[in-house]
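A.B. asks: Below, each chain spelled out in residue letters.
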Amino acid sequence: MSLVTDARKRDLPSFSRELNVMAHVVDASDRDLRSVSTELRRSMARGPVVMRKVAHLHGLVAGIKSGEVAIEGDSGDYLGVLNDGATIHVTGNAGRYLADNMTRGMVIVEGNASYGAAPYCYGGTVVVKGNAGDFTAVMNKGATIIIGGNVGDDVATYMLAGEVVIVGNAGKNLGNYLIRGNIYIGGEWANLGHNTRLEPMTEADQAKLRGYFDEYGIEADPETFQKIGRLSEKPFYKAKAPVQPEAR
Amino acid sequence: MPPVNGTFCVTVMKDQCINARMPGKCATCVEVCPYDVYAIDQAGKVHVQNYNACVGCRICAEFCPEDAIRINPAESEFLVRAPWTFPQVEEIHYKAQTGEYMLRGFGAMGFAPTFDQITVVPSQLASPAPRDKYREECNLEVVIGEDTCENPIRLRYPLFFAAMSFGAVSREARMALAIGAALTGIMSNTGEGGLLKDETWLIKGYENEERTLRRWEPGGYLVVQWSTGRWGVSADYVRAGDAVEIKIGQGAKPGMGGHLLGAKVTAEIAAVRGVPVGSDALSPCRYYDVQDLEDMKRMVAFLRDVTNYRVPIFFKLGPSRPYEDVRACIEAGADAISIDGLVGGTGASPAIVTQGVGIPTLALIPPAVRALKEMGVHHKVKLFILGGIRNGLDAYKAIAMGADAVGFGAAAEIAMGCRACMACHTGRCAYGITSQDPELRARLNPEEAGQRLANFIKATAEEIKILAMLSGHDDIRNLSEEDLRAMDLNTAAISGLKLIGYERRLPWWEDEREKQPHPA
Numbered sequence: 026m027s028l029v030t031d032a033r034k035r036d037l038p039s040f041s042r043e044l045n046v047m048a049h050v051v052d053a054s055d056r057d058l059r060s061v062s063t064e065l066r067r068s069m070a071r072g073p074v075v076m077r078k079v080a081h082l083h084g085l086v087a088g089i090k091s092g093e094v095a096i097e098g099d100s101g102d103y104l105g106v107l108n109d110g111a112t113i114h115v116t117g118n119a120g121r122y123l124a125d126n127m128t129r130g131m132v133i134v135e136g137n138a139s140y141g142a143a144p145y146c147y148g149g150t151v152v153v154k155g156n157a158g159d160f161t162a163v164m165n166k167g168a169t170i171i172i173g174g175n176v177g178d179d180v181a182t183y184m185l186a187g188e189v190v191i192v193g194n195a196g197k198n199l200g201n202y203l204i205r206g207n208i209y210i211g212g213e214w215a216n217l218g219h220n221t222r223l224e225p226m227t228e229a230d231q232a233k234l235r236g237y238f239d240e241y242g243i244e245a246d247p248e249t250f251q252k253i254g255r256l257s258e259k260p261f262y263k264a265k266a267p268v269q270p271e272a273r
Numbered sequence: 091m092p093p094v095n096g097t098f099c100v101t102v103m104k105d106q107c108i109n110a111r112m113p114g115k116c117a118t119c120v121e122v123c124p125y126d127v128y129a130i131d132q133a134g135k136v137h138v139q140n141y142n143a144c145v146g147c148r149i150c151a152e153f154c155p156e157d158a159i160r161i162n163p164a165e166s167e168f169l170v171r172a173p174w175t176f177p178q179v180e181e182i183h184y185k186a187q188t189g190e191y192m193l194r195g196f197g198a199m200g201f202a203p204t205f206d207q208i209t210v211v212p213s214q215l216a217s218p219a220p221r222d223k224y225r226e227e228c229n230l231e232v233v234i235g236e237d238t239c240e241n242p243i244r245l246r247y248p249l250f251f252a253a254m255s256f257g258a259v260s261r262e263a264r265m266a267l268a269i270g271a272a273l274t275g276i277m278s279n280t281g282e283g284g285l286l287k288d289e290t291w292l293i294k295g296y297e298n299e300e301r302t303l304r305r306w307e308p309g310g311y312l313v314v315q316w317s318t319g320r321w322g323v324s325a326d327y328v329r330a331g332d333a334v335e336i337k338i339g340q341g342a343k344p345g346m347g348g349h350l351l352g353a354k355v356t357a358e359i360a361a362v363r364g365v366p367v368g369s370d371a372l373s374p375c376r377y378y379d380v381q382d383l384e385d386m387k388r389m390v391a392f393l394r395d396v397t398n399y400r401v402p403i404f405f406k407l408g409p410s411r412p413y414e415d416v417r418a419c420i421e422a423g424a425d426a427i428s429i430d431g432l433v434g435g436t437g438a439s440p441a442i443v444t445q446g447v448g449i450p451t452l453a454l455i456p457p458a459v460r461a462l463k464e465m466g467v468h469h470k471v472k473l474f475i476l477g478g479i480r481n482g483l484d485a486y487k488a489i490a491m492g493a494d495a496v497g498f499g500a501a502a503e504i505a506m507g508c509r510a511c512m513a514c515h516t517g518r519c520a521y522g523i524t525s526q527d528p529e530l531r532a533r534l535n536p537e538e539a540g541q542r543l544a545n546f547i548k549a550t551a552e553e554i555k556i557l558a559m560l561s562g563h564d565d566i567r568n569l570s571e572e573d574l575r576a577m578d579l580n581t582a583a584i585s586g587l588k589l590i591g592y593e594r595r596l597p598w599w600e601d602e603r604e605k606q607p608h609p610a
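Taken in order, these protein sequences are the chains called E and B.
As numbered in our numbering, the first sequence has no gaps in its residue numbers, which increase by one up to the final residue, 273.
As numbered in our numbering, the second sequence has no gaps in its residue numbers, which increase by one up to the final residue, 610.
Quick caveat, the hints were computed from the structure, so don't treat them as lab data.
Among the hints, a few may not be true.
What the hints assert, rightly or not - Taking lysine to aspartate or glutamate pairs in the DMTMM-like style, the calculated list, with each CA pair at most 20 Å apart, reads:
#, chain 1, residue 1, chain 2, residue 2
1, E, Lys-259, B, Glu-190
2, E, Lys-259, B, Glu-358
3, B, Lys-470, B, Glu-414
4, B, Lys-223, B, Asp-565
5, B, Lys-387, B, Glu-421
6, B, Lys-115, B, Asp-105
7, B, Lys-588, B, Asp-206
8, B, Lys-387, E, Asp-55
9, B, Lys-470, B, Glu-231
10, B, Lys-387, E, Asp-57
11, E, Lys-90, B, Asp-206
So that you can see chain E by itself, here it is in the shape it has in the complex (with noise of 0.2 Å):
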């Protein structure tokens, strides 16, 4: 597969071509953390942020609420930590954990991302050109991620809420205790994880995909995907109705 599906590559968010000039640039060569983050925060108040040299920083663009941030290269790991709103694009790979636990804002990897890609994610927007790895997606609750290579093993385990887009293949126990949300996969899979079933895809389904294909650059057709959801809400041991008021 290849690294990048680029046909039409979506441009790079408008500040970092055109606005290069003005927009500030970070290099962290040699720089900690604390320094580097101490001055993106301040800068991203003011206006669009450019960043070089950030691989060896983890935790970076950590629970931001606005702004945009380019990394040029590759990225640490944990980048776009608690993301709450910023939009922010790597040119190269990420490392692990990429975005865990966003809530809110848009992250957009040209390359690869790894290990744990998306964790624990409740909104926002993960789109990752290349592959991820294992645990991609794990106990996401309500983010839209979109894979446009391969995955690994136990993608979206225990999802309880919202999307996940894989072009390429997966690996074992897809979906494993999926709750709720659905997997849209083009390519193949090892196998399904438990509480797991294939649904038919819609219309309104591939509009979507075509939607989001168009948006982010990414080259696949919408017609050879499968869906796979859930066989139950409350797979696990016995689920009993909890007390609501009217009842009494």
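Given chain E's structure and the hints, the job is docking chain B onto it.
C.D. replies: Just chain B, lined up with the frame of chain E:
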């Protein structure tokens, strides 16, 4: 309903019972009992319909206007059949019928060793003179994170409330804990259940969101917990706390994730946690975004970054290998480390895990202190001990053994009104503490319960003060193991305290002391 802990004889004394004498005139027991032990028939007569459902909470006996009810444990006649006691028989019947294991709330029952076989050494001639509790001062304050963050926590007493999640406990209980902490200047902890907005201003002593109506002084601290389920976690959540606690485990179910049974997942809780209404919310048992100690260090680093380096970062551990676990937390960069012992309780856990897994609280302290001392951070990185701590005497002993502060979970609930019937997992708590049923929750008044919590903390702090001062101390930071003696061989072997009579540590502890570096 699956059997709960213990079987009870429900005795109603007909001479006193109003309903027995005048049917239809009183049905208090029917109204207060959430387990349908009592029923009232067409003629208005109350009778015990199912004494097997009684969990021994005694709310009927408490509320009976004529004090006509007696609830007594019914096991004595079966004890001779041990191990095939009545509860054991019931448990096997349950499994045979359903194919499921037993779950229950609260902590381990009937455990040794406890702190009871340790005694406090008062001051006489051979040590600094005792202090006068009535006329002199004793410093009880604990400061956390003063070297690492902008807003360190200053606890007024070396005490705090353990983490009890919204979901496991009711909204009213969470509010009461916040008020209790605000009244005493100590910490409350969100646990895994997410944050109720009210807690953020109640904890600071304000009645309203605008923070204009100040009701409770001096104001306390709210610790937000970061755990395996990440229920309700966001940047705002993390920033809402006066400290962030990374939860690795807890005493009641170490190695397992939090368990919130479907019966307690109401619409409100489902919304906070993101699970379907009525479905079990089972937290994973481990972090999917941490694979090794390096990742843990990075996690501490980004949590500091997200909170702008303002607040302390804690770890919470379940009882496993305390020496190694505490070392790992210190290396990861903790400001404080909590260890919860075997007896620590919970809202729901498999019974075998609550009873059978973990290390008793007492035995966790020496290895944890050793790890802190070897890394040169004892009392700089704070050690918090929890798990079955009952009063100021237990707390004093834990502190003298090397802890910096002591937490109350079960004891705090009991202060709010709990009777330790251990049926928390059913969601039918008769006192509205661990229930989500609106009718049961209405029984808990947050302000009143908050005041009770504050009373309990103050009484406990006074107890600690008494013990410290009669031992010659005016500052709890000066307490040491020399202030305690073990009263039996077992406790001396486990705790490393000097044995009474022998007046020395057991031989293998003596060797340990020689190897250790002298404290700075």
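A.B. asks: If any of the earlier hints don't hold here, list their numbers in rising order.
C.D. replies: Going through the list in order, the structure violates hint 11 alone and respects the others.
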